[in-house]
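Can you build the whole structure from these sequences, using the hints too?
Residue numbers (the UniProt record's numbering), protein chains in the order written: chain A, 1 to 66; chain B, 1 to 262.
Hints in this document: simulated from the structure, not taken from any laboratory.
Taking CB as the label site, the calculated pair distances span: (1) Gln23(A) / Pro34(B): 26 to 36 Å; (2) Ser106(B) / Asn25(A): 29 to 39 Å; (3) Asn108(B) / Gln23(A): 28 to 38 Å; (4) Gln23(A) / Thr241(B): 58 to 68 Å; (5) Ala232(B) / Asn52(A): 53 to 63 Å.
So, partial list: chain A residues that the calculated Cβ filter (under 7 Å) puts toward chain B: (6) Asn6; (7) Val27; (8) Val40; (9) Ile59; (10) Leu60; (11) Gln61; (12) Phe62; (13) Val63; (14) Gly65; (15) Gly66.
Note that CB positions come from ideal geometry on N, CA and C, so glycine has one too.
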Amino acid sequence: MQLTVNGQMQLCNDDTTLLEYLQGNGVDVKAIVVELNRTVVKADDFGTTVLNDGDVLEILQFVGGG
Amino acid sequence: MEANNNDALVIGGVSLTSRLFTGTGKYGSDTIIPDVCEASGSQVITVALRRVDTNAATGNVMQHIPEHMQLLPNTSGARNADEAVRIARLARAAGCGDWIKIEVISDNKYLLPDGYETAKATEILAKEGFVVLPYVNADLYVARDLVNAGAAAVMPLGAPIGSNRGLMTKEMVRILIDEIALPIIVDAGIGAPSQACEAMEMGAAACLVNTAIAASGDPVAMGRAFGEAVRAGRAAYLAQTATVSTGTADASSPLTGFLGGM
Numbered sequence: 001m002q003l004t005v006n007g008q009m010q011l012c013n014d015d016t017t018l019l020e021y022l023q024g025n026g027v028d029v030k031a032i033v034v035e036l037n038r039t040v041v042k043a044d045d046f047g048t049t050v051l052n053d054g055d056v057l058e059i060l061q062f063v064g065g066g
Numbered sequence: 001m002e003a004n005n006n007d008a009l010v011i012g013g014v015s016l017t018s019r020l021f022t023g024t025g026k027y028g029s030d031t032i033i034p035d036v037c038e039a040s041g042s043q044v045i046t047v048a049l050r051r052v053d054t055n056a057a058t059g060n061v062m063q064h065i066p067e068h069m070q071l072l073p074n075t076s077g078a079r080n081a082d083e084a085v086r087i088a089r090l091a092r093a094a095g096c097g098d099w100i101k102i103e104v105i106s107d108n109k110y111l112l113p114d115g116y117e118t119a120k121a122t123e124i125l126a127k128e129g130f131v132v133l134p135y136v137n138a139d140l141y142v143a144r145d146l147v148n149a150g151a152a153a154v155m156p157l158g159a160p161i162g163s164n165r166g167l168m169t170k171e172m173v174r175i176l177i178d179e180i181a182l183p184i185i186v187d188a189g190i191g192a193p194s195q196a197c198e199a200m201e202m203g204a205a206a207c208l209v210n211t212a213i214a215a216s217g218d219p220v221a222m223g224r225a226f227g228e229a230v231r232a233g234r235a236a237y238l239a240q241t242a243t244v245s246t247g248t249a250d251a252s253s254p255l256t257g258f259l260g261g262m
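The following block contains the structure:
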């Protein structure tokens with residue numbers, strides 16, 4: 001299936017959870033915040049959130065800023 | 001740090017003994033941030049939210065921020081109120097607390113903030129329980145809109161972001177201090193401790209300094225210098241600086257009883 005992740009098209013296997021997707025892409029799940037189709041996903045729900053074709057993900061982290 | 005609890009700055013129910021806010025941008029290495037926090041005495045620190053680049057390993061700035069610091073995430077990157085609101089909600093969801101610095105900029109040359117969009121975002125987020133600190137031009141009408149929108153403070157710029165040009169908006173900031181009942185926190189443009197001190201002498205509630213510390217030759221020492229300058233300026237404000245004489249001169253020593261006089 002196809003996802004849009006941080007504005008880029010990405011391919012992903014069916015029945016993948018958000019947690020599996022993040023870990024599979026080397027993302028440190030403790031340091032991020034995720035928005036799925038414009039709704040914030042709580043970190044506790046990463047493992048039970050199953051991704052679907054056409055989902056739009058934003059994966060963000062805190063960086064230095066003023 | 002010398003604490004004077006009688007002169008605490010209270011924002012969003014949080015009592016601050018330091019009136020210097022610092023940032024986390026532009027450091028050569030984020031590992032220096034704890035030392036800057038300690039040397040400066042700052043208790044409030046800004047961070048930004050950005051997309052993760054899965055192709056490049058980046059450090060996590062949060063691991064370098066001491067636990068006692070009040071986090072102030074900003075909405076940098078937002079070009080309108082909706083984007084600012086979205087970023088604020090994400091920051092809160094990330095466990096960053098309720099404080100948010102609204103920064104709405106669509107002008108890429110001077111990076112000047114959009115007062116109208118900022119006021120709209122402030123109104124929405126204040127109603128959602130955020131402690132909203134909007135970054136704006138030093139404009140009385142925008143500041144009044146922010147008061148009505150529920151802002152916790154108003155943060156006028158001293159000069160364009162990162163310019164280190166100092167308190168170029170001094171007279172307009174003075175009007176905000178005089179007219180607006182909220183804390184006025186000078187944010188952006190302050191390049192030297194003397195400029196932060198000047199803002200505090202005028203009655204600014206606090207100063208937010210990032211570039212001038214982070215891009216200095218010695219950020220820890222510069223952080224300490226800014227901490228001292230802000231304290232000195234605040235002390236001078238409380239002590240009520242003497243009146244400026246616009247005439248010729250006003251002798252400090254008596255003008256009578258000179259040696260050899262009549």
